[in-house]
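Protein chains in written order, with my numbering: chain S, 100 to 469; chain D, 100 to 469; chain H, 100 to 469; chain A, 100 to 469.
The hints are simulated quantities; they were obtained by calculation from the structure and are not laboratory data.
Hints are supplied without guarantee of correctness; some may be wrong.
One copy or any two copies: either way a pair holds, since identical chains are not told apart in the list.
[Unchecked claim] 20 angstroms max Cα-Cα, derived SDA-like pairs, lysine to any residue:
| hint | residue 1 | residue 2 |
| --- | --- | --- |
| 1 | 416 | 303 |
| 2 | 307 | 378 |
| 3 | 379 | 134 |
| 4 | 417 | 289 |
| 5 | 307 | 365 |
| 6 | 465 | 269 |
| 7 | 386 | 429 |
| 8 | 165 | 365 |
| 9 | 296 | 382 |
| 10 | 386 | 194 |
| 11 | 272 | 157 |
| 12 | 425 | 380 |
| 13 | 379 | 420 |
| 14 | 425 | 274 |
| 15 | 242 | 135 |
| 16 | 165 | 432 |
Only a predicted model underlies this, so the values are computations on that prediction, with no experimental measurement involved.
Here is how the chains run, residue by residue.
Number of protein chains: 4
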Amino acid sequence: MAGNSFGQLFRITTFGESHGGAVGVVVDGCPPGIEITEEEIQVQLDRRKPGQSKITTPRKEPDIVKILSGYFQGKTTGTPILLIAYNEEFESDDYLELKDVYRPSHADFTYEAKYGFRDWRGSGRASARETLARVAAAAIAQKYLSAIGGSASGGKNTGIEFISYVEQVGDIKANVDFNSVTAKDVESNIIRCPDQKVAERMIELVEKVKADGDSIGGIIQGVIKNVPAGLGEPVFDKISADLGKAMLSINAVKGFDIGLGFRSVGMRGSEHNDAFYTDKSGNVRTKTNNAGGTLGGISSGETIHFRVVFKPVSTIKKEQDTVNTKGEATKLEASGRHDPCVLPRAVPIVDAMGALVIMDHYLRNKAQNS
Amino acid sequence: MAGNSFGQLFRITTFGESHGGAVGVVVDGCPPGIEITEEEIQVQLDRRKPGQSKITTPRKEPDIVKILSGYFQGKTTGTPILLIAYNEEFESDDYLELKDVYRPSHADFTYEAKYGFRDWRGSGRASARETLARVAAAAIAQKYLSAIGGSASGGKNTGIEFISYVEQVGDIKANVDFNSVTAKDVESNIIRCPDQKVAERMIELVEKVKADGDSIGGIIQGVIKNVPAGLGEPVFDKISADLGKAMLSINAVKGFDIGLGFRSVGMRGSEHNDAFYTDKSGNVRTKTNNAGGTLGGISSGETIHFRVVFKPVSTIKKEQDTVNTKGEATKLEASGRHDPCVLPRAVPIVDAMGALVIMDHYLRNKAQNS
Amino acid sequence: MAGNSFGQLFRITTFGESHGGAVGVVVDGCPPGIEITEEEIQVQLDRRKPGQSKITTPRKEPDIVKILSGYFQGKTTGTPILLIAYNEEFESDDYLELKDVYRPSHADFTYEAKYGFRDWRGSGRASARETLARVAAAAIAQKYLSAIGGSASGGKNTGIEFISYVEQVGDIKANVDFNSVTAKDVESNIIRCPDQKVAERMIELVEKVKADGDSIGGIIQGVIKNVPAGLGEPVFDKISADLGKAMLSINAVKGFDIGLGFRSVGMRGSEHNDAFYTDKSGNVRTKTNNAGGTLGGISSGETIHFRVVFKPVSTIKKEQDTVNTKGEATKLEASGRHDPCVLPRAVPIVDAMGALVIMDHYLRNKAQNS
Amino acid sequence: MAGNSFGQLFRITTFGESHGGAVGVVVDGCPPGIEITEEEIQVQLDRRKPGQSKITTPRKEPDIVKILSGYFQGKTTGTPILLIAYNEEFESDDYLELKDVYRPSHADFTYEAKYGFRDWRGSGRASARETLARVAAAAIAQKYLSAIGGSASGGKNTGIEFISYVEQVGDIKANVDFNSVTAKDVESNIIRCPDQKVAERMIELVEKVKADGDSIGGIIQGVIKNVPAGLGEPVFDKISADLGKAMLSINAVKGFDIGLGFRSVGMRGSEHNDAFYTDKSGNVRTKTNNAGGTLGGISSGETIHFRVVFKPVSTIKKEQDTVNTKGEATKLEASGRHDPCVLPRAVPIVDAMGALVIMDHYLRNKAQNS
């Protein structure tokens with residue numbers, strides 16, 4: 100109830116602060132018999148880790164996850180899986196400057212308002228380091244779902260796939276067809292934008308922002324392919340609502356829409372509606388996919404596509420007005436090494452949160468309706 | 100787990116289809132001793148009910164809610180509250196045309212994909228009639244929260260208030276300052292837009308769309324005032340994430356953002372960050388409120404403001420291509436009486452979902468942190 | 100979280116007081132397509148209803164349950180099912196004597212300690228009338244489970260059966276073999292004890308106790324047959340633990356054991372252990388069933404058998420010392436019409452709670468492990 | 100949902116097998132600011148650890164728990180607390196004999212029936228080693244509750260106390276007044292029975308059973324003092340029901356009763372009812388406490404007392420009939436070092452489960468009713 104768990108049947112509980120002993124996750128409810136290795140989990144973690152390119156924070160954190168339970172002879176056993184990444188020793192002094200001051204637009208003030216005090220080392224629990232636990236847990240879900248094929252969404256049974264990418268950084272927008280994008284396209288450059296030309300301009304922008312000691316926001320396009328029709332619960336736990344919550348729970352996310360979303364406002368129903376037809380395989384399909392892959396909150400078999408908005412991150416090197424913990428006016432010029440733009444590292448997090456939502460709804464639907 | 104409950108401590112479970120016996124809700128975990136009458140609940144329901152103006156559906160539904168349990172001598176008792184609205188008799192024939200056909204962009208097809216068959220009378224469980232249960236339950240939360248004052252958010256202790264309004268219909272945008280808008284302003288016209296001039300144009304547009312047998316979308320601005328700092332859980336159950344889920348669970352909602360949201364993408368951190376200062380009362384405040392009232396998912400004491408996107412509703416009178424339940428191509432021209440634009444009736448639903456989120460987090464914070 | 104819900108996937112939420120509008124239940128997560136009628140539900144309710152024989156309370160309550168949602172064309176639809184029984188008008192005066200006094204060993208005092216006040220009409224929410232909601236909801240689970248066959252537990256695939264009976268009233272014990280008892284045996288007399296001779300003595304005892312204006316306790320033997328091996332979760336949600344909670348949540352229940360339970364204390368492991376063997380069908384079975392059908396909290400395929408202890412009910416006609424709501428010493432001589440012994444009416448409640456536990460674990464196991 | 104979590108607001112999730120990386124627990128929802136050290140937690144763990152006396156298993160396991168998150172400057176922070184105990188290296192060969200055979204009355208067979216295979220090293224997840232995680236988590240709850248005083252239960256505000264003890268081993272029963280027993284009394288001998296003379300006889304019995312290569316059961320009396328009136332939820336989540344579930348979730352527990360429990364069966368209501376009176380401090384009290392400290396599932400302010408039945412543990416050195424994983428008949432003579440009687444080591448586990456139940460209900464009541 101304190102909000103550190105996600106999912107009902109495939110349920111993860113994350114723990115850990117940026118500093119202190121460790122960051123990790125317990126995965127409960129995982130089906131037994133999934134064959135997976137620490138190395139396969141690490142592939143996803145490496146997409147998220149700091150220091151991976153010139154446009155991310157130069158911090159080097161030990162994002163090495165170990166499996167300490169629920170695992171035997173290369174397979175999940177059905178019992179809770181502990182995935183843990185130990186924190187490295189650090190110099191407390193690095194963060195002493197933040198001990199008594201509230202960073203603007205950061206969670207320092209609200210944590211103190213809530214709990215009475217806070218672990219001020221490296222943002223404590225509000226650190227994005229927490230998201231490595233989500234990515235690690237989701238890697239197991241992704242492995243399981245890769246063997247589940249969507250019936251309606253198009254011929255080849257390639258399993259459920261999560262292929263998010265960076266669509267916009269600042270005012271620079273990519274032009275990508277989410278229907279044809281591949282995981283390989285996304286990994287083809289350091290900003291994870293499949294539009295190569297635009298990617299270069301995005302990288303330039305981030306480098307400029309970094310040089311300015313500032314930060315910049317952007318949009319990630321989420322794409323989930325081959326989801327079978329029928330997942331999602333019709334009232335509160337719509338796939339669209341659960342994806343929205345999942346994405347809005349990521350640090351720095353301030354907006355979410357699905358299908359045409361904000362772009363549907365000016366349209367008439369007669370324009371926006373997706374007409375049904377029956378394809379050659381006898382599956383009911385829609386000619387367009389303005390809805391984004393869900394109807395009434397339940398997956399339709401079409402590709403699920405949505406957008407996730409990241410604000411510019413709050414920790415910047417420029418001097419800012421703020422107050423200290425006594426309420427006195429002061430100036431802050433953060434010296435830490437932060438990401439000028441979190442989007443490239445956030446792509447695997449969007450994939451992970453998508454996988455956690457789909458995995459959970461897959462099991463929920465299986466329980467009630469199979 | 101089948102998604103018909105919302106909230107952890109102030110927990111509602113809704114039930115009922117558009118037709119059949121009744122629609123309603125069980126409210127569990129409600130504090131005892133709240134003085135409230137059926138009439139006070141009805142005030143909110145009347146804002147949602149069909150047939151309230153020339154721009155809503157002319158259907159007349161009996162949105163009269165009765166309290167059947169958890170209530171004694173004018174007060175809640177702490178035990179589960181049953182709120183129920185009986186459905187009226189109806190002519191089955193009205194819906195026979197929908198029995199064997201999938202309405203484009205409606206949930207007919209996905210319900211069948213999920214459950215194997217569906218209650219085809221009046222959209223069944225996918226009917227927006229379900230939302231009356233939410234509005235009724237939330238009226239109790241709103242009563243309770245009206246006695247809770249936010250410490251930081253400005254002077255007069257008027258309790259927590261929910262003042263949403265219509266900001267955009269199609270391409271017509273209002274110009275409203277959410278900081279000064281009042282509940283009375285919202286109710287001053289039938290489209291619930293406090294910008295009177297723009298409201299007239301919106302009404303004209305909806306009438307035109309109605310005459311065309313079509314539908315139109317829009318945006319509701321959600322506003323929650325006087326929320327004390329410290330509510331919300333820092334990781335998955337952020338106030339922002341839970342509001343997002345709450346809004347995205349409303350029928351026809353396809354997008355949500357908080358604070359500047361989508362508008363923050365092009366900004367630098369140095370522009371977007373809200374500088375802290377200490378006000379005359381000694382409260383820590385922010386000079387701007389780009390974040391929208393939450394920092395790290397926890398309320399900051401500033402006004403919570405967010406946007407909710409409604410697509411044009413799918414049921415229209417224009418002829419559309421679709422398939423029947425046998426998968427055969429057919430045409431559909433719906434004859435039912437539907438809203439050309441759901442926004443005016445959705446305003447109290449946005450308020451209601453906001454109240455359910457804040458109420459739940461208020462109790463959760465009280466349990467752990469008071 | 101206020102304890103009015105039971106089950107995770109087949110989840111019921113009950114509501115209602117003894118007096119006031121109604122008593123009932125929302126069943127969420129019910130599989131679609133279960134064919135059931137109101138009459139089939141009524142069969143179980145009639146086993147629980149007051150006034151059914153000379154040894155139960157002579158009160159006549161309208162235990163007629165209506166299905167108001169989640170039901171279409173004779174089948175469950177997968178959406179929430181509302182089952183409701185309206186309360187009859189009553190004379191408030193009947194209960195005025197209890198308004199200002201705490202009945203010894205009743206919940207009057209603790210409700211006030213908890214909520215600050217209480218609905219004093221007919222015990223309010225603490226009334227055993229609440230259990231009719233459980234019985235109604237469980238009738239649906241029982242229908243579903245009657246089509247599920249246990250693999251190991253013996254030949255004929257008759258589906259999962261719930262056959263509880265009265266084993267002891269006061270000091271009078273029956274001698275029944277739970278392995279061979281049938282539902283028909285249980286219904287063969289008004290006290291629901293399959294040992295006919297002992298049943299007569301039990302009935303005599305209850306009549307004597309009734310004549311004395313007193314009450315008497317007893318033990319119900321719970322029996323669940325044909326549960327497949329593999330249900331139950333190994334740590335906190337053991338089948339044995341969940342059955343224990345289920346039974347201890349019934350009014351007046353003060354004890355529970357499974358298998359030999361309290362009778363195992365004096366035994367050595369070498370006596371108590373159930374040896375495995377392989378039966379003719381190739382199923383792994385145990386020669387004895389001292390464990391009661393679960394090993395490590397997971398069903399073994401053997402018959403689940405357990406005992407449920409009911410204290411003598413607290414409301415009696417004899418004069419008792421107590422205090423009033425001002426804390427002043429007073430005498431109480433209850434004039435209401437109460438059961439001298441709740442056991443005959445509690446048999447279907449034990450069956451119902453057993454069905455809710457098994458149904459929930461069946462779906463949970465299906466989600467993770469099928 | 101896979102049963103590895105316990106509690107709603109003070110929620111623990113345990114993980115880990117007997118062998119493999121580690122055993123531990125995440126505590127979510129813990130109030131911030133509790134001052135506690137690893138040493139204080141260790142005190143409880145040392146009461147549970149193997150090898151503590153001549154009558155427990157001679158195994159030496161590293162029951163050293165580390166706090167890796169949710170903790171800063173000697174206090175809980177309000178974020179999830181990871182408590183972890185690493186497993187030592189072990190000789191796989193020790194357990195190879197159990198790899199292909201089902202121990203009678205153990206969970207080997209049912210785990211395989213459920214998950215398809217099992218981690219056969221040292222009972223895997225079914226190992227009682229899992230309970231160290233519960234004891235560690237509960238130590239935090241016990242610290243918090245020690246500062247909470249019951250209003251009605253008698254004068255000195257000493258905080259809520261958990262003082263369980265061994266009441267019976269085999270047929271040997273102690274004679275102890277639970278009202279006056281102290282924690283020190285319990286620790287005064289290695290079997291944790293405050294009746295010194297009887298304790299000696301119990302120890303002799305266990306030594307004899309051990310010499311026989313057999314095992315023996317017993318009863319632990321649970322005692323919780325100074326619980327304020329008003330905790331517990333009136334329907335499913337009664338204090339009595341949740342305590343029952345908590346205790347029945349402990350390995351080898353087969354029965355539970357509260358107050359007079361099984362001993363109430365032969366009584367009349369007029370004998371069993373606890374008469375109310377008002378004490379000198381003006382608190383409503385009961386002259387007797389047959390109910391065991393709860394009325395209608397809600398704490399009354401009187402001492403909560405209950406009994407927990409442990410069967411003789413299944414792993415013994417005597418030769419037993421069983422089958423192997425192929426279903427073939429075989430003999431088993433376990434060579435491992437197991438407890439002949441788990442009761443002395445189970446006393447802190449009963450205290451721990453009691454603390455988890457009371458802590459959770461304390462927070463739940465605070466949320467709704469304070």
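Structure-based check of all given hints:
no.: 1; hint: 416 with 303; in the structure: within (19 angstroms within a copy, 50 angstroms between copies)
no.: 2; hint: 307 with 378; in the structure: neither (49 angstroms within a copy, 36 angstroms between copies)
no.: 3; hint: 379 with 134; in the structure: neither (35 angstroms within a copy, 35 angstroms between copies)
no.: 4; hint: 417 with 289; in the structure: neither (25 angstroms within a copy, 48 angstroms between copies)
no.: 5; hint: 307 with 365; in the structure: between (35 angstroms within a copy, 14 angstroms between copies)
no.: 6; hint: 465 with 269; in the structure: neither (42 angstroms within a copy, 40 angstroms between copies)
no.: 7; hint: 386 with 429; in the structure: between (58 angstroms within a copy, 14 angstroms between copies)
no.: 8; hint: 165 with 365; in the structure: neither (50 angstroms within a copy, 39 angstroms between copies)
no.: 9; hint: 296 with 382; in the structure: neither (37 angstroms within a copy, 49 angstroms between copies)
no.: 10; hint: 386 with 194; in the structure: neither (55 angstroms within a copy, 25 angstroms between copies)
no.: 11; hint: 272 with 157; in the structure: neither (26 angstroms within a copy, 44 angstroms between copies)
no.: 12; hint: 425 with 380; in the structure: between (68 angstroms within a copy, 14 angstroms between copies)
no.: 13; hint: 379 with 420; in the structure: between (63 angstroms within a copy, 17 angstroms between copies)
no.: 14; hint: 425 with 274; in the structure: neither (49 angstroms within a copy, 38 angstroms between copies)
no.: 15; hint: 242 with 135; in the structure: within (7 angstroms within a copy, 40 angstroms between copies)
no.: 16; hint: 165 with 432; in the structure: neither (36 angstroms within a copy, 36 angstroms between copies)
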